[in-house]
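K.L.:
Okay, here's what each chain looks like letter by letter:
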Amino acid sequence: MKNKILQELCAAFGPTGRESRVAGIVKTHLEGTNLEVTTDALSNVIARGGDGPYRVFCTHLDQPGWVVEHRDKKGFLHLRPLPSDAELGAGWAVDEEAELYRVFREPEDKSWRAGSLIEGKGEMDTFLVPKGEFEESRNAFFATALADRAGAALLIDMAQNMGVDQSAALIFYTGRHLGFAGLPAALETFDIERFYLVEALPCDKGNEGYSSGDGPVVLLRTQRSVAPEYWIEEVFHLAEESQLKLQKGVLADTSSAADSLSRRGIPSLVLGVPLHYHSSRIERMAIADYEAAARLLESLLRGT
Amino acid sequence: MELLKRLCDAPGVCGHEEAVREILINAAGSYADSVHVDSLGNLFMTKGEKKSGPRVMFAAHTDEVGLMVERIDDDGFIRFMVLGGIDPRVLPAKRVRIGKECIPGVIGIKPIHLLDKEERKEVTSLSDLRVDTGASSRSEAERFVDVGDPIWFDTSFEQWGDVLKAKAFDDRAGCYMMAELIKHEFGFPVTFVWTVQEEVGLRGARAAAARVRPDIILALEGTGAGDVPTDKDVARRPFLGKGPVVTILDRTMVADKRLVELLCQTADHEGIPWQFKRPLIGGTDAGAAIRVKPLHAAVLAIPCRYIHSPVALADVKDIINTIELVKAACGRFGEVKL
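From first to last, the protein sequence lines stand for chains A and B.
Following our numbering, the numbering of the first sequence begins with 832 at its first residue and continues without gaps.
Following our numbering, the numbering of the second sequence begins with 33 at its first residue and continues without gaps.
These aren't lab readings, by the way, just hints derived from the structure by calculation.
Wrong hints could be hidden among the right ones.
As the list claims (entries may be wrong) - Below, computed lysine-lysine pairings styled on DSSO-like, alpha-carbon distance capped at 27 Å:
| no. | chain 1 | residue 1 | chain 2 | residue 2 |
| --- | --- | --- | --- | --- |
| 1 | B | K264 | A | K904 |
| 2 | B | K197 | A | K858 |
| 3 | B | K264 | B | K274 |
To be verified - Here are the computed distance ranges between Cβ atoms for each label pair:
| no. | chain 1 | residue 1 | chain 2 | residue 2 | range |
| --- | --- | --- | --- | --- | --- |
| 4 | A | K905 | B | D259 | 15 to 23 Å |
| 5 | B | E293 | A | G855 | 14 to 22 Å |
| 6 | A | D1022 | B | R127 | 22 to 30 Å |
| 7 | B | G219 | A | T869 | 48 to 56 Å |
| 8 | B | R243 | A | P884 | 51 to 59 Å |
| 9 | B | E217 | A | V1057 | 35 to 43 Å |
| 10 | A | A929 | B | E293 | 53 to 61 Å |
| 11 | A | L948 | B | S62 | 52 to 60 Å |
Cβ coordinates follow ideal geometry from the N, Cα and C atoms, glycine included.
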């Protein structure tokens, strides 16, 4: 059976700064759970159940995209990618109203351009994202924005299975691709016991120490943070008890929310699901890894 | 524009904003219910504390990009470091002032006669530039200059019709606009914050937002005009004289969509010209504030041509229109569902 929530999230328009539609989907799926759900001024969705201090599970909502910066005399739109190093590739893109654009790279200087199918469409405040696709094979998800939405789908799944007596907080934050803009403000009211970042992690280079199909990943270190050893042991112990495959990984060349948190004195542990073709138009994730991550989160929720 | 002239001419390199702050206290303090300066040097003026409605913080930064004395060579030349984003290409052969006694100096450069072919093609690196005060030894220079002294561009404010010429429109223009806006009566509690150290990482605004804890922040800025000459068909906005500049997103934050719509619609309604800023350029105090607490943020700026250099141009009409737009938009805050 298809993962309907993940499919819905991957199809939703939600570039950095325009996450309200994705936030709305998340909120809808959290209704009816045992959690109190709020949205703040930055469109962060925060859900909590029970009393603090909380085990916090956190993921982001936004996806990479483009913003229109200029319309040239020929009518082509000049785009700025967000994040600036996003390599989403040429192809179809959509705006908030689902209007189609064809995105391509200027042959001379490799800058991003787009042509609208409707003449005159696309103003300075237009945001674009790659047109969403979602396929589910026997063993893998193939989707647009899978890196950005798998975490949200996992947390929704966790929330829907939470008992009334369980205490936890979930943060779905905005602005991940703009210096984790929404995250610091989302933390301000929390008394934190443990902070888990739930993310999809790239595994295309082959030197990350983990691979797709071998289970979820605990990051030993990110660019500017190191996970405490006792905590890693704790999670591995829990995984063993639940008979789950779990891998260790290192991601020292990519910025992570863990870096932003460590600057604020908040230790965090990154729990990831390996992902191929990260930040491209179609990413791939092993269903077994996704499901194992869901079970691991369930175990963490039950706690040690 | 007398107040703007005094603000632009005053020295205010990051961390040395006292002179600007004094001008503002004298010019605007009497319109505030309370005035406070925090330990960083942020200047707060509050009005309508007992009014209901969202708490609004206006922010403009008092600091400007500049230089700082790093050390003095044996022969009296001054090595310096840059405070804020300055393109090294704009520095050579510029007049500067240094320290409390405003000592004059010039950023020296080898004359063309002494340059070989290769040197003529290169930009002199920062480490090779020195400020020359005329001192012939370290001990002579040390009589007037100390390590850590601020160095600022020696540029005087001038008005040519609607066009203004000065240093530091970024962000003395914002400081000026706030000093005018504080005279206005608002229907909600407002705190005007003239922040410090924006140019070296938005430092003052973080502390200011933590103190004020606003629901809305509106940063008033001087932003880089893109209308420099080019034959290419590329983005050139914002344009000098074509109205207040509205930010959609910059490198630090995404402006609140509802506030952006309010500003644009109000401008249209009032017949005020306006323009969007090019996306993903620069950052402002609003970007620091949203990292302190969840709040609705927007940025409104005047376009300044040749920003972050010894001399920039601005347009009086843009300043007046920005002030009018803020007043009109604030009158419609109640219409926005935040």
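K.L.:
State the violated hints by number, sorted upward, taking the hints as numbered earlier in the document.
P.N.:
2, 6, 7, 8, 9, 10
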